[in-house]
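Chemist: Each chain, written out:
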Amino acid sequence: MWQNVRTRRLASIVVCAIAAVATLACEPSYFEIPIETPIRPKLDLSAFQRVLIAGFVSGGNEEVDANQETARLLRSQLRTKSSLKVIDADILPLAEIAQTQSKAAAEPRDGDTGGPQPLPSPIKSERDIDQYERLFANTAYWKQLGEEYENPLIVTGTVLFMERSSSAVVNRQVERLDAFGRRRVDQESGFAERKGFVLRPKLMFIDGRTGALIDTEISKEEIMYSAQQNMPALSSYFELMDRVIPGFLSTLSSQKIRGTRTLLH
Amino acid sequence: MPCQDESQVAIVEFIDAMVKISRALPAVAIIALVSTALVAAADPHTDARAQVMFGNNVAQRGLWREAIYRWEKAVEIDPTYAAAYNNLAIGYEHEGEFGKADRAYQKAMTLEPKNQQIRQNYEQFKEINDRVAERANP
Numbered sequence: 017m018w019q020n021v022r023t024r025r026l027a028s029i030v031v032c033a034i035a036a037v038a039t040l041a042c043e044p045s046y047f048e049i050p051i052e053t054p055i056r057p058k059l060d061l062s063a064f065q066r067v068l069i070a071g072f073v074s075g076g077n078e079e080v081d082a083n084q085e086t087a088r089l090l091r092s093q094l095r096t097k098s099s100l101k102v103i104d105a106d107i108l109p110l111a112e113i114a115q116t117q118s119k120a121a122a123e124p125r126d127g128d129t130g131g132p133q134p135l136p137s138p139i140k141s142e143r144d145i146d147q148y149e150r151l152f153a154n155t156a157y158w159k160q161l162g163e164e165y166e167n168p169l170i171v172t173g174t175v176l177f178m179e180r181s182s183s184a185v186v187n188r189q190v191e192r193l194d195a196f197g198r199r200r201v202d203q204e205s206g207f208a209e210r211k212g213f214v215l216r217p218k219l220m221f222i223d224g225r226t227g228a229l230i231d232t233e234i235s236k237e238e239i240m241y242s243a244q245q246n247m248p249a250l251s252s253y254f255e256l257m258d259r260v261i262p263g264f265l266s267t268l269s270s271q272k273i274r275g276t277r278t279l280l281h
Numbered sequence: 003m004p005c006q007d008e009s010q011v012a013i014v015e016f017i018d019a020m021v022k023i024s025r026a027l028p029a030v031a032i033i034a035l036v037s038t039a040l041v042a043a044a045d046p047h048t049d050a051r052a053q054v055m056f057g058n059n060v061a062q063r064g065l066w067r068e069a070i071y072r073w074e075k076a077v078e079i080d081p082t083y084a085a086a087y088n089n090l091a092i093g094y095e096h097e098g099e100f101g102k103a104d105r106a107y108q109k110a111m112t113l114e115p116k117n118q119q120i121r122q123n124y125e126q127f128k129e130i131n132d133r134v135a136e137r138a139n140p
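Just so you know, the sequences run in chain order A and B. To convert, take the position in the first sequence, counting from 1, and add 16; that gives the numbering used here. To convert, take the position in the second sequence, counting from 1, and add 2; that gives the numbering used here.
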């Protein structure tokens, strides 16, 4: 009786072993595995624990306050997708600050005929906004701001959000009836009026300890609609910012790219 | 009836021998399997393959460091094992060690230039690697 039980147990072990060997032998020689490839941030931010989105010099479309909207959007993105602590501070009216600084610099001193030209206001073009960039070279100003907030990384820059219209060749499908009354679809090309928006953010990263510019990220995004479509400026702004944000985040925080690879054996 | 008695004894002895053999069969099978495994263990490719299989298994459970350790052992045992280099490259890629991943993929492709799966893995890796390099040196 005992021997019988032992024999059965042995037999079942052998069957399992053979099954295992057979399974291994029949296993496919490859299989896909999901992987997450980590991408390190572009900037080495090990010296910073906090980030101040100070504000932006903005211009172009008057329906959207690009300074307020950009600062709010970048803050909310960094709060959820970065290890840096986002400082909750008032958004600075940088265009006004730049104008004040410019006026102070333009005042003639003894024997001096005057400083730089006054800054254009309102800002309507790339040329206008680029003149404000001297503000970002004022290391004393940024150093003082950094001291105020205990030496964080400062994110600032310029944001130009402009309307744009153009005419372009578009292909259309036109339905026609032929001589026998049959429906026919023809391709027709012609000029069509289009309108849309251009977003040109120039994001600048400043070391709050020294006031020095560390890095600048420039991008330009455009979205066009048919002239009949009435698209609100704010929704176009957010649509364009959606394209800019991945690049901004990859500068400040590590990211993971999901994919699949094939493991072999 | 002595003759009938003898044949009966012979039959009983035969049945007894058969029962003994049948009892010994599982043990014989196990010995055969163990000896096969021992023979296999002596073969470096089989040993490397065992390391790769183990690495694959733990990688599927998310234990990538352990998987890398196994695949590193596999290429140490058998430096001509393209699959092990391929898997090692994937492991390095997962850990963000792009330089090591690139070298491991290159080695795998040198060993098996016609392997489409290795090539496809490398193409996907290269796309990310190029993007990272471009960002570092615009």
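Calculated directly from the structure, the hints in this document are not laboratory data. Don't be surprised by glycine CBs; every beta carbon is placed ideally from N, CA and C. There's no promise every hint is true.
[What the hints assert, rightly or not] With beta-carbon atoms standing in for the labels, derived distance ranges:
hint	chain 1	residue 1	chain 2	residue 2	range
1	B	P115	A	G263	34 to 44 Å
2	B	T48	A	K236	50 to 60 Å
3	A	S62	B	Q108	47 to 57 Å
[Unchecked claim] Each computed DSS-like pair below joins lysine-lysine, with the alpha-carbon atoms no more than 27 Å apart:
hint	chain 1	residue 1	chain 2	residue 2
4	A	K97	B	K75
5	A	K97	A	K58
6	A	K58	A	K140
7	A	K58	A	K211
8	A	K272	B	K109
9	B	K75	B	K116
10	A	K272	A	K101
11	B	K102	A	K58
12	A	K159	A	K58
13	B	K75	B	K102
14	B	K102	A	K272
15	B	K128	B	K75
16	A	K119	A	K58
17	A	K272	A	K58
18	A	K159	A	K119
19	A	K272	B	K128
20	A	K58	B	K128
21	A	K236	A	K97
Chemist: Each of the hints needs a verdict: does it hold here or not?
Modeler: Taking the hints in turn, this is what the structure says about them:
| no. | hint | result |
| --- | --- | --- |
| 1 | P115/B - G263/A: 34 to 44 Å | holds (36 Å) |
| 2 | T48/B - K236/A: 50 to 60 Å | holds (58 Å) |
| 3 | S62/A - Q108/B: 47 to 57 Å | violated (31 Å) |
| 4 | K97/A - K75/B | violated (37 Å) |
| 5 | K97/A - K58/A | holds (15 Å) |
| 6 | K58/A - K140/A | violated (32 Å) |
| 7 | K58/A - K211/A | violated (35 Å) |
| 8 | K272/A - K109/B | holds (26 Å) |
| 9 | K75/B - K116/B | holds (24 Å) |
| 10 | K272/A - K101/A | holds (20 Å) |
| 11 | K102/B - K58/A | holds (20 Å) |
| 12 | K159/A - K58/A | holds (23 Å) |
| 13 | K75/B - K102/B | holds (15 Å) |
| 14 | K102/B - K272/A | holds (18 Å) |
| 15 | K128/B - K75/B | holds (25 Å) |
| 16 | K119/A - K58/A | violated (36 Å) |
| 17 | K272/A - K58/A | holds (13 Å) |
| 18 | K159/A - K119/A | holds (21 Å) |
| 19 | K272/A - K128/B | holds (15 Å) |
| 20 | K58/A - K128/B | holds (18 Å) |
| 21 | K236/A - K97/A | holds (23 Å) |
In this structure, the earlier hints numbered 3, 4, 6, 7 and 16 are contradicted, and the remaining ones agree with it.
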